[in-house]
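For the protein sequence lines, the chains are A and B, in the order given. The first sequence begins at 0 in numbering that gives the first Met the number 0 and counts up one residue at a time. The second sequence begins at 0 in numbering that gives the first Met the number 0 and counts up one residue at a time.
Treat the hints with care, since some could be wrong.
Pairwise CB distance ranges (calculated) [stated by the list, open to error]:
id: 1; chain 1: A; residue 1: Thr45; chain 2: B; residue 2: Asp152; range: 46 to 54 Å
id: 2; chain 1: A; residue 1: Gln195; chain 2: B; residue 2: Glu295; range: 56 to 64 Å
id: 3; chain 1: B; residue 1: Pro104; chain 2: A; residue 2: Arg131; range: 53 to 61 Å
id: 4; chain 1: B; residue 1: Arg332; chain 2: A; residue 2: Ser266; range: 49 to 57 Å
id: 5; chain 1: B; residue 1: Glu309; chain 2: A; residue 2: Ser123; range: 42 to 50 Å
id: 6; chain 1: B; residue 1: Phe145; chain 2: A; residue 2: Lys98; range: 50 to 58 Å
It is worth saying that the hints were derived from the structure and are not from the lab. Backbone N, C-alpha and C define an ideal beta-carbon position, used for all residues, glycine too.
Chain by chain, the residues:
Protein chains: 2
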Amino acid sequence: MSKGRILSIQSHVAFGYVGGKAAVFPLQCLGYDVDVVNTVNFSNHTGYGRFGGSRATAAELTAVLENMEKNRLLQPERLLTGYIPGSEALSVVLGLAQKLREKNPELIYLLDPVLGDSGKLYVSPDVIPIYRAMLPLSTIITPNWFEVETLTDVQITDVSSLRRALKILHEQYQVPNVVVSSIPLRPWLHAALPAQARPSGSEPDASYLLCIASSATDTTKGPAPSAVHIRAVTCLSGYFSGVGDLFSALVLAHFRAGPHAGMAGGSHLAHAAAQALAKTHAMLKLTDEYAAALPEEDRLPTDEELDAREPERKVRRMNGRELRLVQGQDIIRSSALADAKMSSWEGFWEE
Amino acid sequence: MSKGRILSIQSHVAFGYVGGKAAVFPLQCLGYDVDVVNTVNFSNHTGYGRFGGSRATAAELTAVLENMEKNRLLQPERLLTGYIPGSEALSVVLGLAQKLREKNPELIYLLDPVLGDSGKLYVSPDVIPIYRAMLPLSTIITPNWFEVETLTDVQITDVSSLRRALKILHEQYQVPNVVVSSIPLRPWLHAALPAQARPSGSEPDASYLLCIASSATDTTKGPAPSAVHIRAVTCLSGYFSGVGDLFSALVLAHFRAGPHAGMAGGSHLAHAAAQALAKTHAMLKLTDEYAAALPEEDRLPTDEELDAREPERKVRRMNGRELRLVQGQDIIRSSALADAKMSSWEGFWEE
């Protein structure tokens, strides 16, 4: 049982499960040696409202990476990067990704371009061009809806603009594999889906999320820029932190290496995304059931006004909704979830 | 499967398995939620010769802990502290331990007083009095031989001085449980052991190590200050890093909580130490077998002169001997190792 080595560069929190705390344990459970570089050392995730600790400076990150390199410890088969605060630190990671890609064309690099969510940027805008420079180095990216729009400068309002955004990622930025999870299933998207992928027995509404896996194809053999696979999952109400970090880690863990892993068509990516989706969803359900059984004061709904007046309110809610990663470790370790499949979106690229 | 929450405060390395990297994954595998406070963020352990990164300042540690406290996230059932660089940072941890002990008399605190090894101090001498002040707050300590001598100011050369050192720890410093692992089985110690605990079919020599678990007893019921249990294990040649950190984590993980866990006699401690010893030994064997199968240049023996001339030599050896924690995770998870038992050292306290 030795699947190789992953270098993970993301945030660290003492309490709870976001960033590295959501990614490293699952990767280890699945048999990977994980090298862990912490971009921040915080008490807890920022959603609590109160948090403290420090960000690693560019010089500190460089010192860690340079000494690893001198000691020939910088030879991971896979690279995973998540939240990295500030453009200076991000530039260090860009330089690292360039170096690793150059040394090893077979490197599997999952880049999660953490920029923001639901229309709000939560990083400084000067990191956007750096992320764009990183895209061609990646094997897989896992942006959310908003991050796709920000990186491609395309507002996605219909299938045509969705095609345009994916085309930019695959062709202009040379990203072989794109997984966009958690897309609200708006009416236009619901209507465009192939019948077998539409959530059964329900009207189109925001209680479903769609995951799209788009894997670039060899365009010398056909006109479609990518093979597109999809799956809709039910949306659990309320906010859970670290879900995207867990999902990205699981996509990377389940992505099969191979001589042309990056360009091997849709099957590798769709397999990995399907497993990651099923396991993440099962973990969320476990967490949701746990949270639902807590005393009422630990699950007061989001109310910005009340939350601002009583910080405890938010803190208790956040704590009650931390991922049950340790308690649900058997979910992560389960070898193959039989019903974890994505549907092919045939004809996606036909205008 | 929810065993409660452990706050772990120790060093972090990006590559390899020492400090938190050797402790946290095993604790998570065994079902504990682990809050992880990093006292350093280094590239690799210092044994490689070259390393880089940063130490958390006392102010940074305080910021993390204070924000956890404000958010009511500082309520662990168990506390684990390992390597903490410098007296200022250590004083912060002393203050934390005092606060947690005061809030929760049932707190199970495993203190690994990391001072040095084999006659050499590898911390600043000004931390020694701070560690002495921490001892009465602990439930279990896991010093090595040299650390027992340093903390008690007793040179251990015979059974009488061993008794004196343990008595000081139990009575003067009020430590309920002491586990000293990896004591070279010198002739005087071999000769003093009860017959059933002596390694069978062999002369006394340095190829055996003894583990002693000493659990304070209720002295109103009898004259002996503690129940003493022992087990000898064969010693693998060469140096492995992170072994003590893994061992301490496993002792804590297997120590049963209870209304009087700290003072419940020898059985709880002997059980935990026996499991920790068996699992650590199995992990070491796995690592040793892996290292033995590496190409010759990755397993060149320690030679200070050659190592100084060629830093690569040492680096490769260190890398080849990193614990196979991920590959051996089934060892950690195994529920009960039947032959993992310690022998009672009856009559240890009789002069």
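Here's how the hints hold up against the structure:
Checked against the given bound of 46 to 54 Å, the beta carbons of Thr45(A) and Asp152(B), roughly 48 Å apart, stay inside it. The supplied range of 56 to 64 Å is met by Gln195(A) and Glu295(B), whose beta-carbon atoms lie about 58 Å from each other. Our hint of 53 to 61 Å for Pro104(B) and Arg131(A) holds, since their Cβ atoms are close to 56 Å apart. Restraint check, Arg332(B) to Ser266(A): a C-beta distance of roughly 32 Å breaks the suggested window 49 to 57 Å.
In this structure, Glu309(B) and Ser123(A) meet the distance hint of 42 to 50 Å, their C-beta atoms being roughly 45 Å apart. Separated by about 42 Å at the C-beta atoms, Phe145(B) and Lys98(A) break the suggested range of 50 to 58 Å.
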